[in-house]
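Here's the letter readout for the chains.
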Amino acid sequence: METTSEVARTQDAGTSAVQVKTGEEVRTLMPLVDIFEDSEGITVEADLPGVAKDRLNVQADRHRLIIEGDVVIDMPEGMEAQYADVQATRYARSFALSGELDAERTEASLKDGVLTVHIPKRSEFCPRKIEVRVS
Amino acid sequence: MFYRSVFPRDLLSELDRLQREMQQSYEFSPSIRGLARGGFPAMNVGNTPHSVEIYAFAPGIDPATIAVQLEKGVLTIAGERASVLPPREANATVHIEERFSGRFRRVVTLPDDADPNAVSAKYRDGVLHVSVQRRQAAQPRRISIE
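The listed protein sequences derive, respectively, from chains A and B.
Following numbering that gives the first Met the number 0, the numbering of the first sequence begins with 0 at its first residue and continues without gaps.
Following numbering that gives the first Met the number 0, the numbering of the second sequence begins with 0 at its first residue and continues without gaps.
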């Protein structure tokens with residue numbers, strides 16, 4: 000479908016903003032994620048098939064975690080599409096972060112198209128075992 | 000840029016995908032063998048005059064455990080993806096669980112001229128690319144006029 004103006008939805012934690020881009024067609028896919036939390040921090044696993052490390056952008060600040068990536072797939076010349084489940088070449092998703100997470104110590108790794116992001120909790124929010132002294 | 004023009008937007012398949020996702024999330028009596036479109040891994044299929052190109056978007060799988068089989072013109076891609084979520088007894092909370100886990104199997108019917116002896120498969124960045132060559136005889140040939 001050829002369009003001159005395209006309505007692109009940017010996924011935003013909580014709210015979904017709609018922006019209109021004219022000229023270039025901008026379509027993004029929302030990567031599927033698993034998110035779990037333990038006493039140490041939060042871990043995000045995101046499916047980003049086709050995204051190489053140099054095409055991936057992960058940003059974390061006090062308020063937000065942003066994951067963006069471009070799909071690069073080598074295709075033989077003159078190929079015609081017959082069937083397509085995946086019809087966009089860009090992944091984007093963002094999540095709102097809460098104050099107890101220490102975004103500065105965020106770690107991220109990419110393996111076989113799966114991105115793992117770990118955001119630890121600030122040490123003062125981690126559970127601490129209090130030793131009880133007997134007097 | 001080239002990729003985008005090769006796989007243009009298809010509104011009907013978008014709707015199909017939406018329907019499938021809704022059916023999956025509510026388990027609203029799906030077909031006994033699943034739906035024809037969609038599923039894991041997502042797939043794109045393209046044709047060139049010399050080959051059929053199949054792309055399976057299957058991230059996070061050890062390529063050694065993916066079974067690619069070609070039999071009687073039917074290409075099957077099967078395997079298993081383990082869940083990364085912590086076990087239930089672990090002291091962790093799962094907030095979002097969207098990624099596929101478990102066994103998967105997808106089937107593509109190839110054109111008659113696909114050559115079962117000329118198949119190559121590569122796995123890179125979570126995308127499995129299977130290339131099946133077409134037999135020489137089926138390719139368009141220019142006939143010279145004497």
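Some hints could be false.
Listed below are the simulated BS3-like cross-link pairs for lysine-lysine, each with C-alpha atoms no more than 25 Å apart in a straight line [unchecked claim]:
{"no.": "1", "chain 1": "B", "residue 1": "Lys-121", "chain 2": "B", "residue 2": "Lys-71"}
{"no.": "2", "chain 1": "A", "residue 1": "Lys-52", "chain 2": "B", "residue 2": "Lys-71"}
{"no.": "3", "chain 1": "A", "residue 1": "Lys-110", "chain 2": "B", "residue 2": "Lys-121"}
Just so you know, the hints here were simulated from the structure itself, not pulled from any lab data.
Everything numeric in this text was worked out from a predicted model, so none of it was measured.
TODO: Mind checking the alpha carbons of Lys-52 of chain A and Lys-71 of chain B for me, to see if they're no more than 25 Å apart?
DONE: violated (38 Å)
Task: Agreement of Lys-121 of chain B and Lys-71 of chain B with the hint, judged by alpha carbon distance not exceeding 25 Å - done: holds (22 Å)
Open item on the list: Given the hinted pair Lys-110 of chain A and Lys-121 of chain B, is their Cα-Cα distance within 25 Å?
Closed with: holds (16 Å)
Of the numbered hints given earlier, the model fails hint 2 alone.
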